[in-house]
Amino acid sequence: QKEVEQDPGPLSVPEGAIVSLNCTYSNSAFQYFMWYRQYSRKGPELLMYTYSSGNKEDGRFTAQVDKSSKYISLFIRDSQPSDSATYLCAMRVDYKLSFGAGTTVTVRA
Amino acid sequence: EAQVTQNPRYLITVTGKKLTVTCSQNMNHEYMSWYRQDPGLGLRQIYYSMNVEVTDKGDVPEGYKVSRKEKRNFPLILESPSPNQTSLYFCASSYNIPTGELFFGEGSRLTVL
Numbered sequence: 221q222k223e224v225e226q227d228p229g230p231l232s233v234p235e236g237a238i239v240s241l242n243c244t245y246s247n248s249a250f251q252y253f254m255w256y257r258q259y260s261r262k263g264p265e266l267l268m269y270t271y272s273s274g275n276k277e278d279g280r281f282t283a284q285v286d287k288s289s290k291y292i293s294l295f296i297r298d299s300q301p302s303d304s305a306t307y308l309c310a311m312r313v314d315y316k317l318s319f320g321a322g323t324t325v326t327v328r329a
Numbered sequence: 289e290a291q292v293t294q295n296p297r298y299l300i301t302v303t304g305k306k307l308t309v310t311c312s313q314n315m316n317h318e319y320m321s322w323y324r325q326d327p328g329l330g331l332r333q334i335y336y337s338m339n340v341e342v343t344d345k346g347d348v349p350e351g352y353k354v355s356r357k358e359k360r361n362f363p364l365i366l367e368s369p370s371p372n373q374t375s376l377y378f379c380a381s382s383y384n385i386p387t388g389e390l391f392f393g394e395g396s397r398l399t400v401l
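First to last, the sequence lines map onto chains A and B.
By this note's numbering, the letter at position 52 of the first sequence is numbered 272, and the numbering carries on one by one without gaps.
By this note's numbering, the letter at position 17 of the second sequence is numbered 305, and the numbering carries on one by one without gaps.
Excised from the complex, chain A in its bound form (with noise of 0.2 Å):
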């Protein structure tokens, strides 16, 4: 079993509609919590990051963790065709980073 699980997808939306992406994890000492974006033929990076359970904005992004649940989801609102890309879930704990697969979205116009 992966210790992060994440759908892959792919995910088409229309624009204006709200992403929901989530990943699920079984290693519970994993203390921070992070979202990268992937655009096509590029490196990762970074979206939004969290220490703790609870909901995290920026703009048009929301982050959640539920650590007792072991679940944290991404929120997209009015999504726009250039938020088309692979968003990748993230988890650390010490120096070790593992991701999840990547969901791909395409958000239609």
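No lab work stands behind these hints: they were computed from the structure.
Take these hints with a grain of salt, some might be off.
Derived pair list, reagent style DSS-like, types lysine-lysine, alpha-carbon separation capped at 27 Å [to be verified]:
1. A/K262 x B/K345
2. B/K359 x B/K306
3. B/K357 x A/K316
4. A/K316 x B/K359
Chain B is nowhere near these chain A residues, computed Cβ spacing over 12 Å in every case [stated by the list, open to error]:
5. L231
6. S232
7. V233
8. P234
9. G236
10. S246
11. S273
12. E277
13. T282
14. S289
15. S293
16. F295
17. R297
18. Q300
19. V325
Heads up, the beta-carbon is just placed ideally off N, CA and C, and yes, glycines get one too.
Since the structure of chain A is provided, determine the placement of chain B on it from the hints.
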């Protein structure tokens, strides 16, 4: 411009021919790491380095070597490449490990025939 630079970006080689993928960062980061990305498996850590002369294995270190003689450089060495090392490789660096923000290079696509 702050960046992580990898070379080569694309490489086709044959089984057993030693190769090195270079990685250099200009942000004075102490932490550097190598990942491979494969469909359905996501990013998997190969090796990481917390500082000069300090390296450690990640999740998939078999068949790879690294060295960290200078802070800015972290080359990935494949002594005897095999077809199962065909993959997309990313180098990354970070200034603040706990928050987990990694700065990634553009990737190196390696094909081993």
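Now the hints, each set against the structure:
1. For the hint linking A/K262 to B/K345, the alpha-carbon distance of about 25 Å falls within 27 Å, and the restraint holds.
2. With a CA separation close to 24 Å, the supplied pair B/K359 and B/K306 stays within the 27 Å bound.
3. Restraint check for B/K357 and A/K316: satisfied, since their Cα atoms lie roughly 22 Å apart, inside the 27 Å limit.
4. For the given pair, A/K316 sits about 20 Å from B/K359 by alpha-carbon distance, which is consistent with the 27 Å threshold.
5. Distance to chain B confirms A/L231 as a non-interface residue, since its nearest Cβ pair spans about 16 Å, more than 12 Å.
6. Residue-level check passed: A/S232 sits 18 Å from the nearest beta carbon of chain B, beyond 12 Å.
7. For A/V233, the non-interface assignment is confirmed: its Cβ lies about 22 Å from the closest Cβ of chain B, beyond the 12 Å cut-off.
8. With a least CB separation of 26 Å from chain B, A/P234 remains clear of the 12 Å interface cut-off, as annotated.
9. No Cβ of chain B comes within 12 Å of the Cβ of A/G236; the nearest lies about 29 Å off, and the non-interface call holds.
10. At the 12 Å boundary, the C-beta of A/S246 stays outside the reach of chain B, the nearest C-beta of that chain being 14 Å off.
11. At roughly 17 Å, the least C-beta separation between A/S273 and chain B is larger than 12 Å, which holds for a residue marked as non-interface.
12. Remark: the non-interface label on A/E277 is consistent with the geometry, its nearest Cβ contact in chain B lying 17 Å away (cut-off 12 Å).
13. With a cut of 12 Å on Cβ distances, A/T282 stays outside the contact zone with chain B, its closest approach being about 18 Å.
14. A/S289, annotated as away from the interface, keeps every beta carbon of chain B farther than 12 Å; the closest lies near 21 Å.
15. With a least CB separation of 17 Å from chain B, A/S293 remains clear of the 12 Å interface cut-off, as annotated.
16. The claim that A/F295 lies off the interface holds: its Cβ sits roughly 20 Å from the closest Cβ of chain B, which is beyond the 12 Å cut-off.
17. No Cβ of chain B comes within 12 Å of the Cβ of A/R297; the nearest lies about 23 Å off, and the non-interface call holds.
18. A/Q300, annotated as away from the interface, keeps every beta carbon of chain B farther than 12 Å; the closest lies near 23 Å.
19. Distance check on A/V325: its Cβ is at least 15 Å (rounded) from any Cβ of chain B, clearing the 12 Å threshold; non-interface status holds.
The structure meets every hint from the earlier list without exception.
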